[in-house]
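Undergrad: What follows is each chain in one-letter form.
Protein chains: 2
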Amino acid sequence: MKVLITGGAGFLGRRLADKLAGRGTLKGTDGRDHAIDEIVLLDVVAAGGFTDARIRTIVGDISDAALLHRAIDRDTASVFHLAAIVSGQAEADFDLGMRINVDATRSLLDACRASGHGPRVVFTSSVAVYGGDLPATVLDSTALNPQSSYGTQKAIGELLINDYSRKGFIDGRVLRLPTISVRPGKPNKAASSFASGIIREPLNGERSTCPIAPETRVWLLSPRKAIEGLILGHELPAQALGSNRAVNLPGVCVTVREMVTALERVAGTEAAKRVRWECDEATNRIVASWPGAWDTQRAEALGFRGDADFDGIIRAYIEDERVTAFK
Amino acid sequence: MKVLITGGAGFLGRRLADKLAGRGTLKGTDGRDHAIDEIVLLDVVAAGGFTDARIRTIVGDISDAALLHRAIDRDTASVFHLAAIVSGQAEADFDLGMRINVDATRSLLDACRASGHGPRVVFTSSVAVYGGDLPATVLDSTALNPQSSYGTQKAIGELLINDYSRKGFIDGRVLRLPTISVRPGKPNKAASSFASGIIREPLNGERSTCPIAPETRVWLLSPRKAIEGLILGHELPAQALGSNRAVNLPGVCVTVREMVTALERVAGTEAAKRVRWECDEATNRIVASWPGAWDTQRAEALGFRGDADFDGIIRAYIEDERVTAFK
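Which chain is which? The protein sequence lines are A and B, in order.
In case it helps, the numbering used here puts the first sequence at residues 2 to 328.
In case it helps, the numbering used here puts the second sequence at residues 2 to 328.
Hints are not guaranteed to be accurate.
Since the list can't tell identical chains apart, any single copy or any two copies may satisfy a pair.
No farther apart than 20 Å at their CA atoms in a straight line, the calculated lysine to any residue pairs in the SDA-like style are these [stated by the list, open to error]:
id: 1; residue 1: K168; residue 2: D281
id: 2; residue 1: K168; residue 2: N285
id: 3; residue 1: K168; residue 2: I37
id: 4; residue 1: K3; residue 2: R57
id: 5; residue 1: K168; residue 2: S290
id: 6; residue 1: K28; residue 2: R71
id: 7; residue 1: K3; residue 2: T297
id: 8; residue 1: K28; residue 2: G117
id: 9; residue 1: K168; residue 2: R100
id: 10; residue 1: K274; residue 2: G23
id: 11; residue 1: K187; residue 2: A273
id: 12; residue 1: K168; residue 2: T30
id: 13; residue 1: K168; residue 2: D96
id: 14; residue 1: K168; residue 2: Q90
The set of hints was computed from the structure by calculation and includes no laboratory data.
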């Protein structure tokens with residue numbers, strides 16, 4: 002069997018590829034384990050640095066329908082659709098967000114449909130599909146009410162995944178991820194970029210500006226648990242998901258101030274002092290519209306697990322990324 | 002000012018045009034009444050029979066973006082977007098449903114955006130956006146979970162209306178209509194076609210087959226109240242709608258059996274006997290997935306009114322359509 006990962010050069014895509022290569026198998030729609038013969042990483046930039054012969058990269062624009070039809074064939078049993086224009090960029094460039102987050106997602110689903118064998122498709126969605134007047138804890142039955150173009154585009158993707166699955170064109174599952182923290186690398190154009198930056202930069206001995214009000218609640222998941230969730234989400238039998246393919250994955254609820262307090266506990270006062278608070282109204286409005294927590298009963302019953310606390314998330318980042326600068 | 006009605010040759014579109022021509026004015030985004038200079042009825046068939054000089058018809062395919070750009074100009078202050086592929090047909094022809102209900106809606110919104118002045122857009126949605134495990138009464142905060150392609154496509158349209166409004170491209174409002182009953186004319190390919198057919202055909206002395214189980218609850222609105230709702234929905238100031246432009250319009254909750262009992266009360270036993278019960282599994286599954294009632298507090302606070310009872314809906318139909326055959 003073949004696995005396609007879109008956004009395969011991104012940090013989640015690369016980790017997922019490593020993890021899948023290590024496992025060597027994935028369950029098919031028949032419920033049995035199948036050997037992974039090929040992992041295709043599709044992205045606008047090359048996902049270099051892999052030595053495993055099963056990992057192949059395709060560089061191209063995911064909104065190119067012909068490219069998708071070439072990337073998905075009769076052997077493509079599984080697709081992890083991670084490619085997206087992030088929240089801040091989708092807000093700044095509406096048409097780009099629509100083209101990648103909506104049109105390319107639909108083209109991908111149509112290519113899966115054209116393959117004729119109903120591939121399993123894992124689609125990552127986000128806290129950003131919620132907004133407006135929210136209860137303190139969002140339930141599975143709470144209406145989506147996105148207050149950003151990114152959230153709108155993800156919500157449209159969810160609807161498509163559900164309907165294509167109901168029609169039997171694909172076997173889709175939507176994983177609504179908490180904000181991923183701590184991401185390695187550089188800041189990006191996501192409104193949630195701060196949620197990694199205010200930990201990562203201080204740990205590297207650098208200053209970081211936090212554009213979000215300190216009392217804002219956020220809902221976080223570590224990269225480790227996100228990867229575990231992506232794979233579990235893939236392995237679940239379709240009937241376990243019932244009439245809605247979307248699952249709200251468990252997270253840790255903290256305020257932004259508590260994130261920095263945790264940083265101080267784990268890495269010391271000097272590290273915490275490197276965070277400068279400078280609220281940016283537009284970014285804060287988007288982040289504050291997201292839920293600070295959601296009910297995780299369904300996800301936990303399905304086997305998903307979040308992190309124990311934010312201190313542990315920071316420690317896992319230090320371990321995974323071999324951070325030493327803060328010491 | 003100019004008003005565009007898509008689906009303008011349909012029965013709601015034609016009635017709305019008549020009503021607007023009679024009123025002569027509509028509120029603009031400035032909150033003031035403006036004289037209606039032109040009402041454009043866009044549809045795939047000609048909306049003939051109008052004598053009012055202000056009413057103009059355009060025949061064409063609404064998925065033709067160039068046509069939409071010609072139909073919407075700087076004077077187009079108001080758009081009523083009623084054109085749609087109905088539920089049964091969207092389920093049978095997935096690609097046609099996507100093309101008209103999703104792509105054409107988006108093209109329409111893009112044409113409004115290109116006009117540069119943020120026209121007011123009234124979009125009709127449906128009970129079909131709900132489904133799955135529903136509470137006995139759906140609330141405004143209940144998650145959309147469509148169980149048909151039509152419902153999925155309407156839910157996507159709602160998301161677009163909300164985001165285009167938030168961005169200031171349009172001033173949109175979504176009216177979720179109960180099932181309209183009693184529609185005049187012929188049966189159509191909507192899964193809800195029965196909700197008019199089992200009343201209309203017996204009143205005309207004809208037999209009608211009901212494909213829905215008699216105990217199924219339905220949520221109904223008369224054409225009269227639907228037209229009133231469309232106009233009120235247009236007139237509301239944007240700030241009255243808050244962070245979600247969708248409003249669940251009031252309806253009457255009855256079982257399909259109670260509809261026929263009401264027919265018997267209004268038109269006699271012979272009329273009621275003309276209904277033959279023959280459940281069609283596929284159609285019944287779609288209709289049974291829709292809510293039988295939703296909470297109408299918000300709609301009523303905004304000024305929307307439903308019908309008093311289903312007997313009154315039948316009597317209004319008899320009066321409006323000058324039905325005499327059943328006597």
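Undergrad: Each of the hints needs a verdict: does it hold here or not?
TA: Checked hints:
| no. | hint | result |
| --- | --- | --- |
| 1 | K168 - D281 | between (44 Å within a copy, 19 Å between copies) |
| 2 | K168 - N285 | between (39 Å within a copy, 17 Å between copies) |
| 3 | K168 - I37 | neither (27 Å within a copy, 44 Å between copies) |
| 4 | K3 - R57 | within (11 Å within a copy, 56 Å between copies) |
| 5 | K168 - S290 | between (33 Å within a copy, 16 Å between copies) |
| 6 | K28 - R71 | neither (23 Å within a copy, 52 Å between copies) |
| 7 | K3 - T297 | neither (32 Å within a copy, 50 Å between copies) |
| 8 | K28 - G117 | within (18 Å within a copy, 51 Å between copies) |
| 9 | K168 - R100 | between (24 Å within a copy, 17 Å between copies) |
| 10 | K274 - G23 | neither (39 Å within a copy, 69 Å between copies) |
| 11 | K187 - A273 | within (19 Å within a copy, 71 Å between copies) |
| 12 | K168 - T30 | within (15 Å within a copy, 41 Å between copies) |
| 13 | K168 - D96 | between (29 Å within a copy, 12 Å between copies) |
| 14 | K168 - Q90 | between (33 Å within a copy, 14 Å between copies) |
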